[in-house]
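Chain by chain, the residues run as shown.
2 protein chains.
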Amino acid sequence: MHELPQILDRGIVVDTEHFRIERLHLKFSNGQIRYYERMAGGGSGAVMIVPVMGDEIILVREYCAGTNSYELGFPKGKSESGESWQQTADRELREETGYSAMKYTFLRSVNSAPSFFEASIDLVLAEDLEEKPLDTGDEPEPIEIVRWSLSNISALFSDPAFREARCLAALFAAASLRGWLRLPASIL
Amino acid sequence: MHELPQILDRGIVVDTEHFRIERLHLKFSNGQIRYYERMAGGGSGAVMIVPVMGDEIILVREYCAGTNSYELGFPKGKSESGESWQQTADRELREETGYSAMKYTFLRSVNSAPSFFEASIDLVLAEDLEEKPLDTGDEPEPIEIVRWSLSNISALFSDPAFREARCLAALFAAASLRGWLRLPASIL
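Which chain is which? The protein sequence lines are A and B, in order.
For the first sequence, our numbering assigns the number 14 to the initial residue and increments by one for each residue that follows.
For the second sequence, our numbering assigns the number 14 to the initial residue and increments by one for each residue that follows.
With the rest of the complex left out, here is chain A (with noise of 0.2 Å):
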């Protein structure tokens, strides 16, 4: 096990509307000392939903304004206080695709350049859907529906389109437990 580097010191960079960026003051266990800038978390979690109904998945493209190009995935948001994983899951869920998951199943976490960045993500199955959706009355402009049939998921994971890690990751996670993956012959 490696010993963790002493914080010296820590201070706020920047704190801006969504950016909340520290400066760390590091000693490593060998006495080398460092300063790295890192991102912060959003505080109370995040989960993505990879939504089953029937023999399809469901995803949604919507505008993204970090790449500025419309973007394929799988619904996703941050968790309000006091929230648990199944009721972001729920309410996020019902948001972005107009569903609520009878189950839910958690996958795993993941996290998105760590040597950078503080947050992590729950990934969460949704199985067994009705249709109760949720208006938050914010989004810009609807929210694209794209369904993919659960028989043709191989095509999705080598997708240009559908190019998000953290999507992929919770496909694979799915798709793992549910069995949906159909390898090629060659590689059986």
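Hint data in this document are derived by calculation from the structure and do not stem from the laboratory.
Errors might be hidden in some of the hints.
Calculated pairs, DSBU-like style, for lysine-lysine (alpha carbon to alpha carbon, straight line, at most 30 Å) [stated by the list, open to error]:
1. A:145 <-> A:116
2. A:91 <-> B:91
3. B:40 <-> A:91
Starting from the known structure of chain A, arrange chain B on it as the hints suggest.
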């Protein structure tokens, strides 16, 4: 196809050593107006490498300031100006593991949280390794090398210590291409 929002205005909110945050003033095709904050990408791209040596893949465990923890993952890094993805992959692999590869294969590109971040990373498979260390001189401590048997790859997918979404996506892409995945009989 969706029509991209019109960018009415954009400006830098803050620019630190590692983070550049922009504010976009957008007009959606339906007339809705929104402001978004996003983090601009590094500019020259980045590469994550899945190195394979014989019947093992090579992982690194290093301190990550974002999560303030030691994390298990793949070597990676940003491209320097003028580098091809092969050159970046080779330099980062040599710096972090001490190996160079005779063969680099582009797997795919992924992004992370595209609602907020512009950056993407190229996932690359590295094969036919030979010892050829390259010292950076700027690491606070040696990076730990971890070897993982390809015959046990499904355990790596579910290991909680292997938890970066981009690493999971890279491993899946490499495993699909090279046929390392042995799915449990129950899901075939």
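key: Indices of hints not satisfied (ascending)   = Per hint list: zero violations.
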